[in-house]
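Participant: This is what each chain is made of:
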Amino acid sequence: MDLSFSLYLPIAGNSVNILVILGLGGAVGLLSGIFGVGGGFLMTPLLMMFGIPPTVAAASDSNQIVGASTSGTFAHFRLGNVDFKMGLLLLVGGIAGGSVGVQIIKVLRQLGNADFLISVTYVLMLGFVGGYMFLESLQSMRASGRPQTDSKPKPESTYARMIRSMPFQMDFPRSGIRISVLMPLVLGTMVGVLAAIMGVGGGFIMVPVMVYLLRMPMHVVVGTSLFQILFTCINVTIMQASQNHTVDFVLALLLLLASSVGAQVGAKVGKKLGGEQLKILLASLVLMVMVKMLYDLLATPDVLLAYMGGH
Amino acid sequence: MPAYFLRSICLFLLLGLVPAGAAMAAGEVSVTSSPGDILMDARYDGTTLEVSGQAPAGSDVVVRLVGAPETVHLREKGKVFGLLWMNVGTLAFDNVPRIYLVSASRAFDDLGPAGASLRVTGLHDRIVQEHAASSQDLDAVSELLRLKVRDGLYGEPAQQVRLSADEGGSRGFTVTLPVPSALSPGGYTLEAVAVRDGAVIGSASAPVQAKLIGLPAWLSHMAFDNGLLYGILATVIAILSGLAIGLVFQSKGAH
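Those protein sequences? They're chains A and B, same order as listed.
Just so you know, we're using the working numbering here: the first sequence kicks off at 1223 and counts up by one.
Just so you know, we're using the working numbering here: the second sequence kicks off at 697 and counts up by one.
Note that these hints are calculated values from the structure, not bench results.
Glycine included, every Cβ here is placed at the ideal spot set by N, Cα and C.
Treat the hints with care, since some could be wrong.
Stated by the list, open to error - Derived DSS-like pairs (lysine-lysine); straight-line CA-CA distance at most 27 angstroms: (1) A:K1307 - A:K1490; (2) B:K775 - A:K1328; (3) A:K1493 - A:K1307; (4) B:K775 - A:K1514; (5) A:K1494 - A:K1307.
Claimed, not checked - Derived contacts from chain A toward chain B, CB cut-off under 10 angstroms, selection only: (6) S1226; (7) L1241; (8) V1242; (9) L1244; (10) A1365; (11) A1463; (12) Q1465; (13) A1521; (14) D1524.
Take these sequences, add in the hints, and give me the full structure.
Facilitator: Structural data, given as structure tokens:
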């Protein structure tokens, strides 16, 4: 009997090994469930390594994230970790910001230096977000060495006073905070702009924003982030499928079956880890991706031409 | 426009896709493949073509599978500020065969000018770069060839064409040509070229169709002809699968 695991993907225009794709999906899904990130910033380059064209990799990955984040949101919802009110406000901001970001990219492309700006934004954002999170969680892990609880009274900062004095204050009982409605709307817009420029879902920027600027508890952040990613990716999948025909559903389905299982396991693993441990692990992951991107920018490529699409 | 048209025709002739008529008239070169067409179903993972035919006695044979020439747009990578490698512009190339797999009955170096022209690097003179690259010392066409070779779309398969002994005025030849999994559906030309004393003395060609069948054909039809519906279905199925897996885990996790 011919025991081959190859499968031909007509939209990607290449064949893949089913076991490899299931493995990739499972691993990225696990990270997604633990950290509340879509995992697009990891999956797309991995798929490209296995012969999937960049545009198809990015679009099919959005399709996959729809499934994985449904499963992840569901798991976190049962654990009481989804702040729907906050998620919806961030989403509204994110959609507005995404539209602005797409226009910015168009203008930059006409000016001719979009790619340079995208690459530099990417490395700086990853480096800044990863570095800050890493140092911050390291400090608080040292500071709270004895008691394992997160409640440590701090003197009220200027930032805290500023957000308390903003208008339209509202209670977010699930996150246990009271802030102005403007905060999630404005921050959502800013992340939306960045995500559109960088061509990613924005989970890895949104998570630190929720933790540090909205001061939400880490576990609620993860669930809420997944909830928001779900809607962003539904939008991207339908747009890509109808306009660019780049969604390979068979590839997406294989990835999502594996990643949904991974995300469920991830949600359970995440619950066992402390908030600070989660932060420092995510920070390490983000820094690793940054180093890889920096390496790609500095090292001489094998071939001095590349296909269109991707970053 | 007429100049472009004329150039295209010349290049097409140079590529050697249509000289079959002249050679066939002499009745000396012939080529067939098994299977005649490439059928791409869900299990398609590249395939092999068993190519055979006849060539004039005492000649060497080069067999190639060539895709239709197309225009290709690629990004040019260059150094910015003498430090960072990134996309510095786009380049367009004309007359780029979609695929170019070529095998010969002996080393290309031993086949003289004809061998040099027929091997992958011989495409260098036939591919047209539309405008200069941003970096002056970049040989963009060579980079394009390297990119295609890396992706398995251009190549000189290790296996050589096997020749049988001369019989009358001709000799038989066979070769197994591996076809990559990244082949796009469409029309290809299989060609056998007879070479003697470094010159082409005849050739013959046969069309090879690569077509999607079964599930890939249906999916491709859905994705390209009903994009919106396809996108919505893909999303709904993804959500339902996500929920189903969530429920499975919920029932397992209940205690």
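Participant: Taking the hints in turn, state whether each one holds.
Facilitator: Do the hints match the structure? See the list:
1. A:K1307 - A:K1490: holds (24 angstroms)
2. B:K775 - A:K1328: holds (23 angstroms)
3. A:K1493 - A:K1307: This hinted pair holds, its Cα atoms lying about 22 angstroms apart.
4. B:K775 - A:K1514: holds (18 angstroms)
5. A:K1494 - A:K1307: holds (26 angstroms)
6. S1226: Given a least distance of 7 angstroms, the restraint on A:S1226 holds.
7. L1241: violated (13 angstroms)
8. V1242: violated (13 angstroms)
9. L1244: violated (13 angstroms)
10. A1365: violated (34 angstroms)
11. A1463: This hint holds: A:A1463 lies near chain B, its Cβ roughly 3 angstroms from the closest one there, short of 10 angstroms.
12. Q1465: Holds, about 7 angstroms.
13. A1521: With a closest approach of 7 angstroms, the A:A1521 hint holds.
14. D1524: The hint holds - A:D1524 has a Cβ within 10 angstroms of chain B, the shortest such distance being about 7 angstroms.
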